[in-house]
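J.: Top line first, the protein sequences correspond to chains A and X. For the first sequence, our numbering begins at 86 and goes up steadily by one. For the second sequence, our numbering begins at 1069 and goes up steadily by one.
Calculated directly from the structure, the hints in this document are not laboratory data. Nothing false has been slipped in among the hints.
Some chain X residues flagged as far from chain A (calculated, every beta-carbon gap over 10 Å):
no., residue
1, K1090
2, L1095
3, A1155
4, V1179
Calculated lysine to aspartate or glutamate pairs in the EDC-like style (CA-CA distance at most 16 Å, straight line):
no., chain 1, residue 1, chain 2, residue 2
5, X, K1109, A, E173
6, X, K1104, X, E1124
7, A, K186, X, E1112
8, A, K134, A, D185
9, X, K1087, X, D1153
10, A, K134, A, E151
11, X, K1108, A, E173
12, A, K186, X, E1168
13, X, K1120, X, E1092
14, X, K1108, A, D93
15, X, K1109, A, D93
16, X, K1120, A, D185
17, A, K134, X, E1168
Sample of chain A residues at the chain X side, in silico, Cβ under 8 Å:
no., residue
18, Y117
19, L129
20, L131
21, K134
22, S179
23, F189
24, G190
By construction, the Cβ of each residue, glycine as well, lies at the ideal position given by its N, Cα and C atoms.
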Amino acid sequence: AQSVTQLDSQVPVFEEAPVELRCNYSSSVSVYLFWYVQYPNQGLQLLLKYLSGSTLVESINGFEAEFNKSQTSFHLRKPSVHISDTAEYFCAVSTSYNTDKLIFGTGTRLQVFP
Amino acid sequence: ETGVTQTPRHLVMGMTNKKSLKCEQHLGHNAMYWYKQSAKKPLELMFVYNFKEQTENNSVPSRFSPECPNSSHLFLHLHTLQPEDSALYLCASSNQQSYEQYFGPGTRLTVT
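Kindly produce the complete structure, drawing on both the sequences and the hints.
T.: If you want it as structure tokens, here you go:
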């Protein structure tokens, strides 16, 4: 069975500072990895995904994540955050034999202060 | 309307009531999902439908009854719920070739 751990429930940071949201996973088979973002009173939106190929993936709004197989991690980073990045961020994993089943972490609340 | 829509957005019901949540996707996808989102807990997958057939029931109590009449519509029928069933219920859809799931805004359910 797969599992996802997001150790930080909350990450406070000042605007324009860098941020890293941590995600570790556990799986005995190959995985697909995802980061979703949830703004207040909205559903989840896909931020970025790793399926195969380059281990560094990027989103259109400046976030990036790196798949590290040896450390079973998929941390999310942004070099300079904006107030508008304040949201809940969820890491998720699925496998090639069951792409329908997304296993989510408990989420990290990113709070950006001016 | 585009994307995934859910109605109602908010619902308050007593434990003896019967209500239904509705989800509609306008993306041409062939898979639809129900998730439960509770505070401080990971999203819980409840049901999966592929081409209108249920392919996953994640040990959900029978007081939750899904219905998928076609690939664009998904319902969750609720009856004799418990206060611990209060949560945000999210619907999602996907095309199996893309792996990405598209989520609706959710229905905030409160059971009194």
